[in-house]
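Enquirer: Make a model of the complete structure from these sequences and hints.
Protein chains in written order, with the working numbering: chain A, 1 to 299; chain B, 1 to 299.
For the record, the hints were derived by calculation from the structure and aren't laboratory data.
A couple of the hints might just be wrong.
As the list claims (entries may be wrong) - Pairwise CB distance ranges, derived in the manner of DEER restraints:
#, chain 1, residue 1, chain 2, residue 2, range
1, A, Ala35, B, Glu247, 22 to 28 Å
2, A, Gln265, B, Gly47, 44 to 50 Å
3, A, Arg202, B, Asp138, 31 to 37 Å
Stated by the list, open to error - With a straight-line cut-off of 30 Å between C-alpha atoms, the simulated DSSO-like cross-links for lysine-lysine are:
#, chain 1, residue 1, chain 2, residue 2
4, B, Lys103, A, Lys170
5, B, Lys240, B, Lys250
6, B, Lys50, A, Lys108
7, B, Lys108, B, Lys170
8, B, Lys250, B, Lys170
9, A, Lys244, B, Lys108
Claimed, not checked - Residues of chain A placed beyond 12 Å of chain B at every Cβ, according to the derived structure:
#, residue
10, Leu27
11, Val109
12, Leu175
13, Leu237
14, Gly239
15, Arg278
Using N, Cα and C, we set each Cβ at its ideal position, and we do this for glycine too.
2 protein chains.
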Amino acid sequence: MPALPASLPDAIALVAEAVDARFDTLLAIPDDPRANLYACMRHAAIGGGKRLRPLLTIATADLFGVDRACAALVGTAIEAIHVYSLIHDDLPAMDDDDMRRGKPTAHKVYGEATAILAGDCLHALAFEVLADPGTHPDPFVRSELVLDLARAAGPSGMAGGQMMDLEAEKARFDLGTVTRLQQMKTGALIGAAVEAGAILGRVPPEGRVHLRGYAHDLGLAFQIADDLLDAEGDEALAGKKLRKDGEAGKETFLSLLGVDRARAQCTMLVDQAVQHLRGYGPEADLLRAIARYVVERDR
Amino acid sequence: MPALPASLPDAIALVAEAVDARFDTLLAIPDDPRANLYACMRHAAIGGGKRLRPLLTIATADLFGVDRACAALVGTAIEAIHVYSLIHDDLPAMDDDDMRRGKPTAHKVYGEATAILAGDCLHALAFEVLADPGTHPDPFVRSELVLDLARAAGPSGMAGGQMMDLEAEKARFDLGTVTRLQQMKTGALIGAAVEAGAILGRVPPEGRVHLRGYAHDLGLAFQIADDLLDAEGDEALAGKKLRKDGEAGKETFLSLLGVDRARAQCTMLVDQAVQHLRGYGPEADLLRAIARYVVERDR
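Expert: This is how it looks when you write it as structure tokens:
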């Protein structure tokens, strides 16, 4: 994989291509009764999304001169967790969504049973890739990648946050609880994507403090921007149904803060995220651009 | 954890207690909106089943003098994968079962959304436990455990086998395809349970050939016995609905072989499994007893 271009749109396009190529290899359709299962995984995994998580992994790994093909594969594993969560969140029993990334959702095309299994398979595949000696030769790096991603994906992270999100329809959460919910549901995996780059770079935990601060603030800013997009965005551009939170009576950053304060908070968090990178030179410009993109993408 | 008793029922009871204790710690209910998620995981994970997989891990690890508390924790992680698969397989979109292990299924008590997430959380927790330095100090052992379990759980193993099982209602599978289906759906995780004991015992891959043979034959024998139980067993004793395969028109070992040949095949596989252990002395008697138990449990 070539170096990431300085221009963010070019970097996004290059990472998207690299992730698609890796999913294409990992998810080659077998000539047996599992063909539909693989087709369903491909439908959900290939050709969609901004690939923010792999972009963060590769851009962070680049700070430390990590082999870029390795970082791309690790980023693809993290994206596999994100894709599995989208498949399961879209199910009728969960958020019941028909459209995702401008396409019908996985269960709409392949049925619920296949969609549930496709999510489960992507979940297992992510850990298979991270633990494979072909991905990284050092078992310490491999097991640290697995541990960090498993924590970010499980009940203390993404899946726990989705549970809180479902409960949000029944309870009235305050700002602290909404912040914690979003930090788990979205922030944990964004944090794992940055952390993976640092793990690959063999940065000791005490050297990751600023990168964690960056990821934390970026994750919250991203979610507030998502709330703003949900309230003000265009469904055709977003490729999915919008304004569902309001209809469900859920408290969000937007309902609790109002548009103006939410936008100000988002800008402040992005500034803070960039500030965390002050110890890095121009080599961190792409991470800075990613943070700024977050506030600007919904305009 | 004390040494496993020579008597199989006593060993099963001891392992069940050890696995329940570890799930009790791992799944402590938090005082926040995730309480139902944890309650659902506990409902499915604690107090049920024969705990065949952790028993196999601990009994295999015992051949090599592995620390028994460590083997019990690794066995619990493998059981977490089994439990997650039961939760998802029981969902209305999948096998639509109301009873499991003599209790209402997870989605019947907690609803489908919580059940899907509880399965996802147990899936992630299994890998979190295996990759945790507190489980085993050697990162090589940890990442090998993760790799082997991820392969056994994913599209080439358990989840892929469940997909083939769903397709079996639509197609007429031959004996070769049914064998492959069952080897993936049930055999892969039974194999991973034995393999984990060997990995913990630092047996090199070339030294695991006989243990793999044992697990392979045991897995198939187990599935044929399950088919016999399904056809001839008592629903109250089994704690779940039986005779569903026949109603769904699925080909099984039983429909393809008939009762007598299926029973003979099961006995032959158990003999073969025991033969694979001929290089071991009395220290492998528990593994031998587990194999024999498989043919006898449905009588």
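Enquirer: If you check each hint against the structure, which ones fail?
Expert: 3, 6 and 10
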